[in-house]
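Chains as they are written, first to last, in the numbering used here: chain E, 1 to 252; chain F, 1 to 252; chain S, 1 to 252; chain P, 1 to 252; chain G, 1 to 252; chain U, 1 to 252; chain B, 1 to 252; chain Y, 1 to 252.
Hint data in this document are derived by calculation from the structure and do not stem from the laboratory. There's no promise every hint is true.
Derived pair list, reagent style DMTMM-like, types lysine to aspartate or glutamate, alpha-carbon separation capped at 25 Å [what the hints assert, rightly or not]:
hint	chain 1	residue 1	chain 2	residue 2
1	S	12	Y	88
2	F	20	B	14
3	F	166	Y	10
4	Y	100	B	88
5	G	100	G	88
6	B	15	F	60
7	G	110	G	71
8	S	15	S	64
9	B	166	U	71
Protein chains: 8
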Amino acid sequence: MEHLLKVLEDFKSEKISTQKALELITLHNSVDLGFANVDIHRNKRNGFSEVIYGAGKTPEQVRDIAIQIYEYSDQVLITRITDAHAVEVQKIFPQAIHHKVAHCITIVKKERIKYPNPIAVLCAGTSDIPVAEEAAITADIMGNDVLRIYDIGVAGIHRLFSNLGKIRKAAVLIVVAGMEGALPSVVAGLVSHPVIAVPTSIGYGANFGGISALLGMLNSCGSGITVVNIDNGFGAAYAASQINSLCNNKIE
Amino acid sequence: MEHLLKVLEDFKSEKISTQKALELITLHNSVDLGFANVDIHRNKRNGFSEVIYGAGKTPEQVRDIAIQIYEYSDQVLITRITDAHAVEVQKIFPQAIHHKVAHCITIVKKERIKYPNPIAVLCAGTSDIPVAEEAAITADIMGNDVLRIYDIGVAGIHRLFSNLGKIRKAAVLIVVAGMEGALPSVVAGLVSHPVIAVPTSIGYGANFGGISALLGMLNSCGSGITVVNIDNGFGAAYAASQINSLCNNKIE
Amino acid sequence: MEHLLKVLEDFKSEKISTQKALELITLHNSVDLGFANVDIHRNKRNGFSEVIYGAGKTPEQVRDIAIQIYEYSDQVLITRITDAHAVEVQKIFPQAIHHKVAHCITIVKKERIKYPNPIAVLCAGTSDIPVAEEAAITADIMGNDVLRIYDIGVAGIHRLFSNLGKIRKAAVLIVVAGMEGALPSVVAGLVSHPVIAVPTSIGYGANFGGISALLGMLNSCGSGITVVNIDNGFGAAYAASQINSLCNNKIE
Amino acid sequence: MEHLLKVLEDFKSEKISTQKALELITLHNSVDLGFANVDIHRNKRNGFSEVIYGAGKTPEQVRDIAIQIYEYSDQVLITRITDAHAVEVQKIFPQAIHHKVAHCITIVKKERIKYPNPIAVLCAGTSDIPVAEEAAITADIMGNDVLRIYDIGVAGIHRLFSNLGKIRKAAVLIVVAGMEGALPSVVAGLVSHPVIAVPTSIGYGANFGGISALLGMLNSCGSGITVVNIDNGFGAAYAASQINSLCNNKIE
Amino acid sequence: MEHLLKVLEDFKSEKISTQKALELITLHNSVDLGFANVDIHRNKRNGFSEVIYGAGKTPEQVRDIAIQIYEYSDQVLITRITDAHAVEVQKIFPQAIHHKVAHCITIVKKERIKYPNPIAVLCAGTSDIPVAEEAAITADIMGNDVLRIYDIGVAGIHRLFSNLGKIRKAAVLIVVAGMEGALPSVVAGLVSHPVIAVPTSIGYGANFGGISALLGMLNSCGSGITVVNIDNGFGAAYAASQINSLCNNKIE
Amino acid sequence: MEHLLKVLEDFKSEKISTQKALELITLHNSVDLGFANVDIHRNKRNGFSEVIYGAGKTPEQVRDIAIQIYEYSDQVLITRITDAHAVEVQKIFPQAIHHKVAHCITIVKKERIKYPNPIAVLCAGTSDIPVAEEAAITADIMGNDVLRIYDIGVAGIHRLFSNLGKIRKAAVLIVVAGMEGALPSVVAGLVSHPVIAVPTSIGYGANFGGISALLGMLNSCGSGITVVNIDNGFGAAYAASQINSLCNNKIE
Amino acid sequence: MEHLLKVLEDFKSEKISTQKALELITLHNSVDLGFANVDIHRNKRNGFSEVIYGAGKTPEQVRDIAIQIYEYSDQVLITRITDAHAVEVQKIFPQAIHHKVAHCITIVKKERIKYPNPIAVLCAGTSDIPVAEEAAITADIMGNDVLRIYDIGVAGIHRLFSNLGKIRKAAVLIVVAGMEGALPSVVAGLVSHPVIAVPTSIGYGANFGGISALLGMLNSCGSGITVVNIDNGFGAAYAASQINSLCNNKIE
Amino acid sequence: MEHLLKVLEDFKSEKISTQKALELITLHNSVDLGFANVDIHRNKRNGFSEVIYGAGKTPEQVRDIAIQIYEYSDQVLITRITDAHAVEVQKIFPQAIHHKVAHCITIVKKERIKYPNPIAVLCAGTSDIPVAEEAAITADIMGNDVLRIYDIGVAGIHRLFSNLGKIRKAAVLIVVAGMEGALPSVVAGLVSHPVIAVPTSIGYGANFGGISALLGMLNSCGSGITVVNIDNGFGAAYAASQINSLCNNKIE
C-alpha cells in the first residue's frame with residue numbers, strides 16, 4: 001500500500017511521468033530474456049531472490065538466468081541440476097559450488113548473516129539423503145545454521161531418542177522420510193517447535209513414487225506438522241527459513 | 001493325499017460304493033441351503049469352522065447358516081452384524097452373546113482349551129476400538145488369551161513404552177491403527193514376535209477411507225510386519241490364532 | 001535429557017525409589033480412562049494440552065476426557081463435534097462455548113496472553129468458512145490474535161489486492177481454499193511470511209473430495225507454502241501458533 | 001441433409017450411377033494406404049485437413065500420409081515428431097519447416113488468409129514452452145495471428161498484470177500451465193473472452209504427470225474455462241481456431 | 001489499462017482524492033456481506049454478472065446475495081439449488097422462475113437481446129437431462145437461442161444422424177454424456193464448429209462418478225473438443241456464450 | 001448395404017417419395033417421447049429390443065417407454081428398478097413380473113424359443129446373488145435355459161469341483177464374484193467354453209467398490225475370459241446370449 | 001466326472017495300480033522343467049495347448065518350453081517376444097515365423113481346419129495395429145479366418161460405415177482402440193454379433209496408459225460388449241476363437 | 001524393563017558412571033558411519049541382525065555397512081543388489097555368495113541351527129521366481145529349511161493339487177503371485193497353517209505394477225492370509241521366520 005501511495009504522490013507532484021506511474025503501478029519488475037521473465041523484484045517481495053529450478057531448462061538457459069539474478073542478488077541458488085548445468089554455470093562463475101548429492105549449485109557473492117537459531121534437517125534412511133541435502137543447502141544459503149541428523153528412522157527408534165537433545169535446539173525441524181513416512185509423527189510428538197515433513201519417493205511397490213509417505217504425513221496424528229511436495233527439500237527449507245526469519249525481523 | 005489313499009482302499013475293498021467314492025473324492029462336504037453352500041468340512045481343513053460374515057445377508061439367512069454350523073461345531077462366530085441380526089439369532093440361541101462394540105455374535109457350546117501364549121491387540125486411538133474388538137473377540141473364541149492395550153498411538157509414544165513389558169509377553173501382536181498407520185512400524189522395531197497390522201478407515205480428507213494407513217503399513221520399514229485388509233480385525237485374529245496354534249500342534 | 005539426568009540423580013541420592021525411577025524414565029504421564037489414555041504431559045512437551053478430536057467418540061467419552069484435561073490445563077479445545085457433544089459437555093461446563101460454524105467447543109479457565117503478532121486466516125469462498133473458522137478458533141485459544149479475511153478467491157482477484165495491507169501485517173497466513181486451490185500460490189507470491197495452505201473438500205465432480213485443491217497446493221509454484229490435510233483447519237492453526245510462538249520464547 | 005438430397009436428385013435424374021450414389025451416401029472419402037485410411041474429406045467437413053499425429057508412426061508412414069494430404073490440401077501439419085520424422089519428410093518436401101521446440105513440421109503450399117483477430121498463447125513457466133509452441137504453430141497454420149506471452153505464472157503475478165492490455169486484444173486465450181495450473185483461473189477472472197486451459201506434465205512428485213494441473217483447471221472457480229488433455233497444445237489451438245473462425249464465416 | 005490511466009488523470013486534476021485513487025486502483029468493486037464479497041464489477045469485467053452457486057449456501061445467504069446482484073444487474077442466475085432455496089428467493093422475487101429439472105433459479109429484470117446464432121445442447125441419455133438443462137437455462141439467460149436435442153447416444157447412432165441438419169445450424173455445440181462419454185467424439189467428427197463436452201456422473205461401477213466419461217472426452221480423437229468439469233452444465237454454457245458473443249462484439 | 005441399395009432402387013422406380021428415401025437413409029427408426037428417443041429398430045439391428053435401464057428414470061418415464069417397446073416387441077426387460085417402478089408398470093401391465101432380488105421387471109407377450117444349449121450362471125458368495133440373478137433373468141428372457149450354481153467361491157474350492165459336470169454342459173459361463181474375483185480364473189482353467197466374468201461391488205476396505213475384483217478379472221491368467229462392468233449382470237447375459245445365438249443362426 | 005469314474009473302474013478292476021490311480025486323480029499332467037511346469041494337458045482341457053507368454057522369460061526358457069509343447073501339439077504360439085527370443089527359437093525351429101509387428105512367433109506342424117465363419121479384427125488408429133495384429137495372429141493359428149479392418153476410428157465415422165457389409169459377415173468382432181476407446185460402442189450399436197473390446201495404451205496425458213480406453217469400454221452404453229485387459233490382443237482372440245468354435249462342436 | 005532395571009542398579013551401586021547410565025538408557029546401540037547409523041543392537045531386539053537394503057546405496061556404502069554388521073553377527077544378508085554391489089562386497093568377503101536370480105548377497109560366518117519345521121515358498125508363474133527366490137534365500141539364512149514349489153498358478157490348478165502333500169508339511173507358506181494374485185486364496189482354503197501372500201509386479205495393462213495382485217490378496221475370501229508389499233519377498237520370509245521361531249523358543 002505504501003508503495004502505491006508513494007507512486008501516487010510522486011506522480012501528483014510531477015516527480016514521475018504518467019507513463020512511469022503506470023509502469024510502477026503494474027509493478028513491471030521483471031527482465032525479459034525471451035524464454036524467461038526473470039523476477040528481480042522477488043528478493044524485496046518474498047525475502048529471497050528467485051531460485052532457479054533447473055529441471056527442464058537447458059544449461060544455457062540456466063546460465064543466462066543465473067547471470068541476470070547474480071546482478072541483483074548476493075546469493076544465487078539453482079536446484080535440480082545435472083552435471084551439464086554445473087559445467088555451463090561454472091564457465092561464467094568459477095566460484096560456483098556444485099553440490100553433487102543435493103543436485104544444486106550455489107553462487108555466493110556475500111554470505112547472509114546467520115539467524116540466531118539453527119534449523120535441523122532429519123532424515124529416516126540413507127536413501128533419503130539427496131532430498132535432505134537439498135533442504136540443508138537451501139537453508140544454509142538463506143542464512144540458517146543447519147543441524148544434519150541422518151538415518152534415524154522409526155525401525156530403530158532409539159537412534160532418534162539419542163539425538164533428542166540436539167533436535168530440541170532447533171527453531172524449526174525439517175523431517176525427510178520415504179516408505180511409510182512415520183518419522184515426522186514421532187518427532188512432532190516429542191518437540192514443541194514447527195515440523196515440516198518432506199515425503200520422498202524412496203521405496204518400491206505400494207509406495208507409488210512417494211504417495212505412501214505423502215499420505216502418511218498428511219494424515220499424521222501428530223499436531224503441528226505441515227507437508228510439502230514429494231522430494232521437495234527446497235520448498236521445506238524455504239518455508240523453514242521464512243519461519244526462522246520471523247524472530248529477527250520486526251513485523252510491520 | 002492320505003485322504004485320497006484311504007478312499008481308494010475303501011473303495012477297492014468295497015467298503016464304499018462307487019457313488020460314495022466319487023463323492024468323497026470330489027469332497028462334497030457342504031450343505032446346500034439354496035442361497036448358501038455351508039462348508040461343514042472347513043473345521044477339519046482349516047482348523048476352525050466357517051465364520052459367518054453378516055454384512056449383506058438378511059437376519060434370516062444368518063440365522064439359518066448359524067443353525068447349520070452349530071450342529072457340527074462347538075463355537076460359532078458371526079461378524080459384521082447389526083442389532084437386527086442379533087435379535088434374530090438370539091431367538092434360536094438365547095445363549096448367544098452380542099458384542100455391540102465389535103459388531104459380532106458368538107455362540108459357544110464348549111470353550112476351546114486356551115493356547116499357552118496370549119495374543120496382544122494394540123490400537124492407536126479410541127476410534128480404532130471397534131476394529132480392535134473384532135480382533136479380540138475372534139482371537140478369544142478361537143482359543144487365545146487376549147491382552148488388550150488401547151489408545152497408545154505414536155503422537156504420545158511414551159504410552160507405548162510404558163506397556164512394553166506386557167507387549168513382549170504376547171506370541172503374536174495385532175496392531176490396529178488408522179490415520180498414518182505408523183504404530184506397527186514402531187512396535188515391530190521393539191519386539192521380535194510376529195506383528196500383524198490392521199489399517200482402519202478412521203480419519204478424514206487424504207485418509208481416503210483407510211488407504212493412507214494401508215499404504216503406510218505395506219511400506220513399513222519395520223521387518224516382520226504383515227498386513228490385512230482395511231478394518232479387517234477378524235482376518236488379523238484368524239491369522240494370529242493360526243500362528244499361535246503352531247506351538248501346540250505337532251506339525252506332520 | 002535434563003529430565004533423565006534429574007531422575008538419575010534423585011534416584012542415586014535415594015530421593016526416589018527404584019520403582020519411581022523406572023516409572024519416571026518410561027514417562028508414565030497419561031491417565032487411563034479405559035477407552036482412552038489421556039496425555040496430560042503434552043502441555044509441557046508440545047506447548048499445548050491434548051486437543052480432543054470429537055469425531056467417532058460418544059458425547060460421554062468426549063465429556064470424560066474434557067473433565068480430565070480441564071483439571072491440568074487452562075484451556076480445552078474440542079473439534080469436529082455435533083450438537084449432542086456440545087449439550088453433554090455444557091452439562092458439566094456451562095461456561096463452554098459451542099462454535100456452531102466451526103463445529104468446535106472451547107472451555108477457557110484462564111485466557112492465554114496473546115502473542116505480539118496476529119495470524120491471518122484467509123478463505124477463497126463462502127463454503128470454505130467452516131474450515132476457516134476451525135482454524136480461527138484454534139488459533140485464538142492458543143493465544144493468537146486472528147485476522148479473518150473471507151471470500152477473496154482468485155476468480156475476482158482484486159478482492160485479494162484490496163486486503164493486501166492487512167494481510168502483510170500477519171506473522172503467519174493460513175489460506176483456506178477448495179476447488180482448484182489456487183489462492184495460496186497467489187498469496188505466497190505477494191508476501192514474505194509463512195503461508196500454510198488448507199485444501200477443503202468444497203467442489204464437485206473432478207474435485208474428488210478435495211484432491212484437486214490438495215494437489216494444487218502441494219504443486220504450488222509459490223515458494224514457502226506448506227500444506228495440511230484436507231479440511232484440517234485445526235492442524236493449520238496449531239502449526240501457525242507454534243510458528244508465532246517462536247518469536248516470544250527464548251529457544252533453549 | 002442437403003448433401004443427401006442432392007445425391008438423391010442426381011441419382012434419380014441419372015446424373016450419377018447407382019454405384020456412385022451408394023459411394024456418395026456412405027461418404028467414401030478416404031484413401032487407403034494399407035496401414036492408414038487418410039481422411040481427405042475432413043477439410044470440407046471440419047474446416048481443416050487431417051492433421052498427422054506423428055507419435056507411434058514410422059518416419060515412412062508419416063511421409064506417405066503427408067504426400068497424400070498435400071495433394072488435397074494447401075497446408076500440412078504434423079505434430080509429435082522426432083528428428084527422424086523431419087529428415088524423412090524433408091526428403092520429399094524440402095520446403096517443410098521443422099519446429100524443433102514444438103516438435104512439429106509444417107508444409108505450406110499457400111498461406112491461409114488470417115482471421116481479423118489474434119489468438120493469445122500464454123504460458124506459466126519456461127518449461128511449458130514446448131506445449132505452448134505446439135499451440136502457437138497450430139494456430140498460425142490454421143490462419144490465426146498469434147500473440148505469445150510466456151513465463152508469467154502466478155508466483156509473480158505482476159508479470160501477468162503488465163501484459164493485461166495485450167491479453168485483452170485476443171479473441172481467444174490459450175493458457176498453458178503445469179504444476180498447480182492456477183494461471184487460467186486468474187486470467188479468466190480478468191477477461192471476458194474464451195479461455196482454453198492446457199495442463200502440462202511439468203512438475204514432479206504429487207504432480208503425477210500433469211494430473212494436478214488438469215484437476216486444478218477442471219475445478220477452476222473462474223467461469224468460461226474449458227480444458228483439453230494434458231500437453232495437448234494442438235487440440236487447444238484447433239478449438240481456438242474454430243472459435244476464431246466463427247466471426248468471419250456466415251453461419252448457415 | 002484505460003481504467004488506470006483515467007484514475008491517474010482524475011487524481012492529478014484533483015477530481016478525486018488520494019483515498020479515492022487508492023481505492024479505485026485496487027479495484028474495490030465488491031460489496032461485503034460478512035459471509036460473502038459480492039463481485040459487482042464482474043458484469044463489466046467478464047461480460048455477465050456473478051452467478052450464485054447455491055450448493056453449500058443457506059437459503060438466506062443465497063437470497064441476500066441475489067438481492068445485492070439484482071440491484072446492479074438485469075439478470076440473476078442461481079445454480080445447484082434445492083426447493084428450500086427457491087422458496088426463500090421467491091419470497092423476495094415472486095417473478096423468479098424455479099427450473100426444477102435443472103436445479104436453477106432465474107430472475108429476469110430485462111431480457112438480453114439474443115445473439116444471431118443459436119447454441120445446441122445435445123445429450124446422450126435421458127438421465128443426462130438435468131445437466132443438459134442447466135446448460136440450456138444458462139445459455140438462454142445469457143442471451144442465446146437454444147436448440148435442445150436429447151437422448152441421441154452412440155448406441156443408436158442413427159438418432160444422431162437424423163438430427164445432423166439441425167446440429168449444423170448452431171454456432172457452438174454443448175454435448176452432454178455419461179458412461180463412456182463417446183458422443184462428443186462422434187459429433188466433432190461431423191461438424192466444424194466448436195464442441196464443448198460435459199461429462200456426467202451418470203453410470204455405475206467402473207464409471208467412478210463420471211471419471212470414465214471425463215477421461216473419454218479428454219482423450220477424444222476428435223479435434224476441436226474442449227471439456228469442462230463433471231456435471232458442469234453451467235460452465236459449458238458460460239463458455240459457449242462467450243464464444244457466441246464474439247461474432248457480435250467488435251474486439252478492441 | 002443391401003438396405004441402402006433397396007432404398008435407392010425403390011426411390012428410382014418411384015416406389016417411394018424423396019421424403020421417404022431421405023427418412024429411410026437416415027434410418028429414422030426411433031419414437032420421440034420428449035424425454036426419450038425410443039429405439040424401435042434395435043430388435044432387428046441387435047437381435048433384441050431396447051432394454052430399459054430404470055436407474056435415474058422416474059416410474060412414469062419407465063412406464064411410458066415400456067408401453068412404446070411393448071407395442072413392437074414380444075418381450076420387455078426393465079433393469080435396475082425400485083419397488084415404485086414395479087408398481088407403476090404393473091398398473092398398465094398386470095402380467096409384468098417383478099423379480100425382487102434381481103431388481104428387474106419382465107413383461108412377456110410371447111416366450112422366445114429356447115436355444116439348444118444352456119448358459120450357466122455361477123457366483124462366488126451369497127452376497128453376489130442379486131447380480132447373478134440380474135444375469136439369469138436377462139439370459140432367460142432372451143431365450144436361454146439357465147443353470148444357476150451359487151455360493152461356490154474359491155475359499156472352499158471343492159464346492160466348485162463337485163459341480164464341474166454340470167458346469168461343462170453350458171455353452172457359455174457367466175461367473176460372478178466380488179472381493180478378489182478369483183473364481184473366473186479357476187473356472188476358465190477347467191473348461192473350454194467362453195467365460196464372461198462379472199465383478200461385483202461386494203467387499204469392504206481395499207475392495208474399493210469392486211475395483212479389486214475388476215482388476216483381478218482383467219489380469220486373469222486364465223485364457224478366454226472377458227469382463228464386463230462392475231455389477232453388470234445384464235451386460236454379461238446379453239453378451240452370453242449373443243454368443244449362444246450364434247450356433248442357431250446362419251451367419252450371412 | 002467321466003474321467004474320474006473311468007479311473008475308479010480301472011483301479012477296481014486292477015487295470016491300474018494304486019499309485020497310478022492317485023496320479024491320475026490328481027491330474028499330474030504337467031512336465032517339470034525346473035523353472036516351469038508345462039501344462040501339456042491344456043489342449044484337451046481348454047481346446048488349445050498352453051501359449052507361451054514371452055515377457056519376463058529368457059530366450060532359453062522360451063525355447064525349452066516351446067520344445068516341450070511342440071512335442072504334444074500341432075501349433076505353438078509365443079507372444080510378447082523380442083528379436084532375441086525369435087533368434088533363439090528359430091535355431092531349433094527354422095520353420096518358426098517371427099511376426100514382427102505383432103511381437104509373436106508361430107510354429108505350425110499342421111494347420112487347423114478353419115471354422116466356417118471368420119473373425120473380424122477392427123482397430124481405430126494406425127498406432128493400435130500391433131495389438132490388433134497380436135489378435136489376428138492368435139485367431140489365425142487357432143483356426144479362424146481373419147478379416148482385418150484397420151484405422152477406422154470414430155473421428156471419421158464414415159470409414160466405419162463403408163466397411164459395414166464386411167463387418168457384419170464375421171461371427172465375432174474384436175475391436176481394438178486407444179484414446180477414448182469409443183469404437184466398440186459404435187460398432188456394437190450396428191451389429192448383433194458378440195463384440196470383444198481391447199483397450200490399448202495408445203495416447204498420452206490423461207490416457208494413463210490405457211485407462212481411459214478401458215473405462216470407456218467397461219462403461220459402454222452398447223449392449224453385448226465384453227472387455228479384456230489393456231493391450232491384450234491375444235486374450236481377445238482366444239475368447240473369440242472359443243466363441244467361434246461353439247458353432248462347430250456338438251456341446252455335450 | 002529388565003534392561004532398565006539392571007542399568008539403574010549398576011548405576012546406584014556405582015558400577016557405571018552417570019554418563020554411561022544415560023547412554024545405556026537412551027539405548028545408544030548404533031555405529032555412526034556418517035551416511036548410516038548401523039543398528040548393531042537389532043539382533044538382540046528383533047532376533048536377526050540388520051539386513052542391508054541395497055537399492056539406492058552405492059557399492060561402497062553397502063560394503064562398509066556389511067563390514068560393520070559382520071563384526072557383530074554370524075550372518076549377513078544384503079537384498080536388492082546389482083552386480084556392481086556384489087563385486088565390491090566380494091573384494092572384502094570372498095566367501096560371500098551372490099544369488100543372481102534373487103538379487104541378494106549372503107555372507108555366512110556360522111550357519112544357524114535349522115528350525116524343526118520347513119517353510120514352503122510357492123509361486124504362480126515363472127516370472128515370479130526372482131521374488132520367490134528372495135524369500136527363499138532370506139528364509140534359509142534365518143534358519144529355516146525351504147520347500148520351493150514353483151509355477152503352479154490357478155490357470156492349471158491340478159499342478160497345485162499334485163503338490164498338496166508337500167505343501168501341508170510346511171509350518172508357514174509364502175505364496176508369491178502376480179497378475180490377479182488368486183493363488184493365496186486357493187491355497188489358504190486347503191491348509192490350516194499361516195499363509196503370507198506376496199503380490200508381484202508381474203503383468204501388464206490394468207495390472208498397474210502389482211496393484212491388481214495386491215488388492216486381490218487383501219480382499220481374499222480365504223481366512224488367515226496376511227499380505228506384504230509388492231515384490232517384498234524378503235519381508236514375507238522375515239515374518240515367516242519369526243512365526244517359525246515361535247515353536248522353538250520359550251516365550252517369556
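Here is what the structure says about each hint:
Distance hint between residue 12 of chain S and residue 88 of chain Y is unfulfilled; the C-alpha atoms sit about 51 Å from each other, more than 25 Å. This hinted pair checks out: residue 20 of chain F and residue 14 of chain B have alpha carbons roughly 19 Å apart, not beyond 25 Å. Restraint check for residue 166 of chain F and residue 10 of chain Y: satisfied, since their Cα atoms lie roughly 24 Å apart, inside the 25 Å limit. At roughly 22 Å between alpha-carbon atoms, residue 100 of chain Y and residue 88 of chain B fall within 25 Å of each other, so this suggested pair holds.
The straight-line distance between the Cα atoms of residue 100 of chain G and residue 88 of chain G is roughly 15 Å, inside the 25 Å bound, and the hint therefore holds. For the hint pairing residue 15 of chain B with residue 60 of chain F, the CA-to-CA distance comes to about 51 Å; that exceeds 25 Å, so the pair is violated. Of the supplied pair hints, the one linking residue 110 of chain G and residue 71 of chain G holds, its CA atoms being roughly 12 Å apart against a limit of 25 Å. Simply put, residue 15 of chain S and residue 64 of chain S have alpha-carbon atoms about 34 Å apart, too far for the 25 Å limit, and the pair is violated.
For the proposed pair residue 166 of chain B and residue 71 of chain U, the alpha carbon gap of about 32 Å is over 25 Å, so the pair is violated.
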